[in-house]
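*Asks:* Sequence:
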Amino acid sequence: MAHERSKIKAALFTLFLYILFYLYIWLRIEPVLIYQRQLPVFLKGFRFFSEFNRYPGGIVDYIAGFFRQFFYYSWAGAIILTLLLLTVSTVTSSIMNSGQKKTGPRFIHHIPAVLLLVLHSNYHHHLSHTIALLITLLFVRVFLATEGMRDIYRLVIFWVQLFVVYYLTAANFILFSVIVIINCTVVNKKLFALTYLIPVLLLPYLASLFLFVVSPKQVYTYLLPFEEKYAFVITPFLLYGYFVFLLPLLHFVKPGRFKLKQYEQVTGWKKFAVPAVLLTFFAGLAAFFSFDAVTNNLIKVDYYARQQRWQDVLLAVTQNGSYLPAEVYQANRALYHLDKMPSELFSIPQPFGTDGLMLSEDYALSAPLQNSDLYFEMGHINESLHWAHEELAKRGPTPWVLHRLATLNMIKGEYNAARKFLYVLKQTLFYNKWAEDRLEQLDSHSIDQSSVIRYYRTINIDKDFYFYATHSAAELKVLLEKNPNNRIAFEYYMSYYLLECQLGNFIRYLPLLAQLKYPAIPRHYEEAILFYEVGSRKKVNLGPYKLSSATFERFKNFNQILADHNRDRDAAQQELKAAHGDTFWYYLLYYKMPKNNAGENESQKYGEVG
Numbered sequence: 001m002a003h004e005r006s007k008i009k010a011a012l013f014t015l016f017l018y019i020l021f022y023l024y025i026w027l028r029i030e031p032v033l034i035y036q037r038q039l040p041v042f043l044k045g046f047r048f049f050s051e052f053n054r055y056p057g058g059i060v061d062y063i064a065g066f067f068r069q070f071f072y073y074s075w076a077g078a079i080i081l082t083l084l085l086l087t088v089s090t091v092t093s094s095i096m097n098s099g100q101k102k103t104g105p106r107f108i109h110h111i112p113a114v115l116l117l118v119l120h121s122n123y124h125h126h127l128s129h130t131i132a133l134l135i136t137l138l139f140v141r142v143f144l145a146t147e148g149m150r151d152i153y154r155l156v157i158f159w160v161q162l163f164v165v166y167y168l169t170a171a172n173f174i175l176f177s178v179i180v181i182i183n184c185t186v187v188n189k190k191l192f193a194l195t196y197l198i199p200v201l202l203l204p205y206l207a208s209l210f211l212f213v214v215s216p217k218q219v220y221t222y223l224l225p226f227e228e229k230y231a232f233v234i235t236p237f238l239l240y241g242y243f244v245f246l247l248p249l250l251h252f253v254k255p256g257r258f259k260l261k262q263y264e265q266v267t268g269w270k271k272f273a274v275p276a277v278l279l280t281f282f283a284g285l286a287a288f289f290s291f292d293a294v295t296n297n298l299i300k301v302d303y304y305a306r307q308q309r310w311q312d313v314l315l316a317v318t319q320n321g322s323y324l325p326a327e328v329y330q331a332n333r334a335l336y337h338l339d340k341m342p343s344e345l346f347s348i349p350q351p352f353g354t355d356g357l358m359l360s361e362d363y364a365l366s367a368p369l370q371n372s373d374l375y376f377e378m379g380h381i382n383e384s385l386h387w388a389h390e391e392l393a394k395r396g397p398t399p400w401v402l403h404r405l406a407t408l409n410m411i412k413g414e415y416n417a418a419r420k421f422l423y424v425l426k427q428t429l430f431y432n433k434w435a436e437d438r439l440e441q442l443d444s445h446s447i448d449q450s451s452v453i454r455y456y457r458t459i460n461i462d463k464d465f466y467f468y469a470t471h472s473a474a475e476l477k478v479l480l481e482k483n484p485n486n487r488i489a490f491e492y493y494m495s496y497y498l499l500e501c502q503l504g505n506f507i508r509y510l511p512l513l514a515q516l517k518y519p520a521i522p523r524h525y526e527e528a529i530l531f532y533e534v535g536s537r538k539k540v541n542l543g544p545y546k547l548s549s550a551t552f553e554r555f556k557n558f559n560q561i562l563a564d565h566n567r568d569r570d571a572a573q574q575e576l577k578a579a580h581g582d583t584f585w586y587y588l589l590y591y592k593m594p595k596n597n598a599g600e601n602e603s604q605k606y607g608e609v610g
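Going by my numbering, the first residue of the sequence shown is number 1, and it counts up by one from there.
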């Protein structure tokens, strides 16, 4: 009866613990961000599946690729991860109790699940690693069930299992072999255990010679997490070390040998509660300190931008406050889409200048699809296509890049190329309907009537020009020449010159304000115009517009604060930031001017650039 009550308590604690795991994964880790970070590729059909038969661990990669598709929904991804962690702890418990009359230390079998939770908190850990570990443990449990068989039968079973484990889980065969050999050693069959080493040593060599094309490094590392970058680099070693030392501890340490007197005096529900509370506390502590908040926010910003949730992009960037280049880049896109770029560009710190407006070459190579996004929005179709192909080469046929390549080729009228990408996109799980609809439009020749296709054809560049590897204002200028009503090209063009503080070039394109029907001169444009007029002593023709009195007052206050500090900008910075930190003037003074006190020469210099 007491045993039954103990089992019920253990089951209730397990339910409680894994509900906590689920909530943490769903609400804190957010599996959709894992999807965003890793961009899994999975296609329906045997042809795609056959690619994974060609190397050890391929089947696990295929299985993981299938399940990672459901990370597109955080609640579904959290269910998958939670069930995996629960299964790992269940199999671990079964391994611990195999051949034992007495259960091992209470709740110790949940520790691998806690360590796996820590690994998945970093967004670098692949689902393949967790599935490979689980399959390895299942084969360990099957082998341990043969303990009553004759040694020769167990050896044959081990040989068969070893090959299957190697084929399914790649380098995890090492963990399987170590556990088995330790098991054979601790049951006083040390000499016979050496016979298990023969296939372990020969298998990688023979497999690479006759079956698979794999490098020596892959044989001993693939699907093991030791080369990934984790917040706590020791975590994967603790995880695998747990299983390597688990069986020896259970066999060599006699029950009751290391009992604590204080704990032995505890009775009733407290005897159950103490280890439960300790494990829960350990899990919470591990999750808290291992969570990669910087990477989480960076991926979240990218995810919101992909979903066109522009207000969420701004909130994520400003609340986190790290202002990494990729965050500033997406925040600037958000400002444009929220019609705030000309008036609130400097409400976001712009420490990277134009590299935060348009990605630098180095960063673009690491995030080609994000670079393609901006060129697509601007109507620079060929350059967007170029970066989409870079993404295809970097990450493979992910749904997003297939979607982009199909769309771009339809805009260009390259329908045969578009069909190829659409046929592949039909084999995905969540974009197949969109692909089928586009193929129907191509078949019925109605694709040319699409408002999206027609719009991008009107703003697409239709002449040749020199395009440099690094971004420049030239490509924006060509877009404006093609279509002066291209609002995004105009605002990025003007922002480019504001960030470069080339106000002469900025002033030349002010007449487009009237053509684009701006109701008034945007705030940052007024700030730049006023600074230019004061610095260059030239009056700017504003056409139907005029500068607001509020801008004059703010400029007067800005200069008064500088004067109060004897034009020492270091001394004035704190006050200026509080009053005018979101202005073009503050950006120019603290991000662009040389490190000396602001004076008349600098004002004239920056007023006359261009």
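You may find that some hints are simply not true.
[As the list claims (entries may be wrong)] In silico lysine to any residue, SDA-like type, Cα no more than 25 Å apart, as pairs:
#  : residue 1 : residue 2
1  : Lys482    : Glu414
2  : Lys577    : Asn557
3  : Lys340    : Asp582
4  : Lys577    : Ser548
5  : Lys44     : Phe13
6  : Lys229    : Leu249
7  : Lys426    : His386
8  : Lys9      : Phe46
9  : Lys420    : Phe46
10 : Lys426    : His389
11 : Lys592    : Asp582
12 : Lys482    : Glu436
13 : Lys426    : Arg306
14 : Lys539    : Asp564
15 : Lys482    : Val424
16 : Lys412    : Lys340
17 : Lys394    : Val424
18 : Lys7      : Lys394
19 : Lys229    : Leu285
20 : Lys592    : Lys229
21 : Lys477    : His445
What the hints contain is simulated information worked out from the structure, not anything from laboratory work.
*Asks:* With the threshold set at 25 Å, check whether the alpha-carbon distance from lysine 426 to histidine 386 stays at or below it.
*Replies:* 23 Å, holds
*Asks:* Can the restraint linking lysine 44 and phenylalanine 13 be considered satisfied, given a maximum Cα separation of 25 Å?
*Replies:* Answer violated: lysine 44 to phenylalanine 13 is near 40 Å, above 25 Å.
*Asks:* Tell me if the straight-line CA distance from lysine 482 to valine 424 falls inside 25 Å.
*Replies:* The given pair, whose Cα atoms are some 34 Å apart, is violated under the 25 Å limit.
*Asks:* Between the alpha carbons of lysine 577 and asparagine 557, is the straight-line distance 25 Å or under?
*Replies:* With Cα atoms ~12 Å apart, lysine 577 and asparagine 557 stay inside 25 Å; holds.
*Asks:* For a C-alpha distance cap of 25 Å, please report whether lysine 592 and lysine 229 respect it.
*Replies:* Violated - the C-alpha atoms of lysine 229 and lysine 592 are around 36 Å apart, more than 25 Å.
*Asks:* Is the Cα-Cα distance between lysine 9 and phenylalanine 46 25 Å or less?
*Replies:* Violated. Lysine 9 to phenylalanine 46 sits at ~46 Å, over the 25 Å cutoff.
*Asks:* Do the alpha carbons of lysine 229 and leucine 249 lie within 25 Å of each other, as the hint requires?
*Replies:* 30 Å, violated
*Asks:* Sort out whether phenylalanine 46 lies within 25 Å of lysine 420, counting only the CA atoms.
*Replies:* Distance ~18 Å between lysine 420 and phenylalanine 46 Cα, so the pair holds.
*Asks:* Does glutamate 414 sit within 25 Å of lysine 482, going by the straight-line distance between their CA atoms?
*Replies:* Distance of about 21 Å is within 25 Å: holds.
*Asks:* Is the Cα-Cα distance between lysine 426 and arginine 306 25 Å or less?
*Replies:* Distance of about 21 Å is within 25 Å: holds.
*Asks:* Could you grab the alpha-carbon distance between lysine 7 and lysine 394 and see if it respects the 25 Å cut-off?
*Replies:* 50 Å, violated
*Asks:* Taking 25 Å as the top limit, are the C-alpha atoms of lysine 539 and aspartate 564 close enough?
*Replies:* 28 Å, violated
Hint violations for this structure: numbers 5, 6, 8, 12, 14, 15, 16, 18, 20, 21, all remaining hints satisfied.
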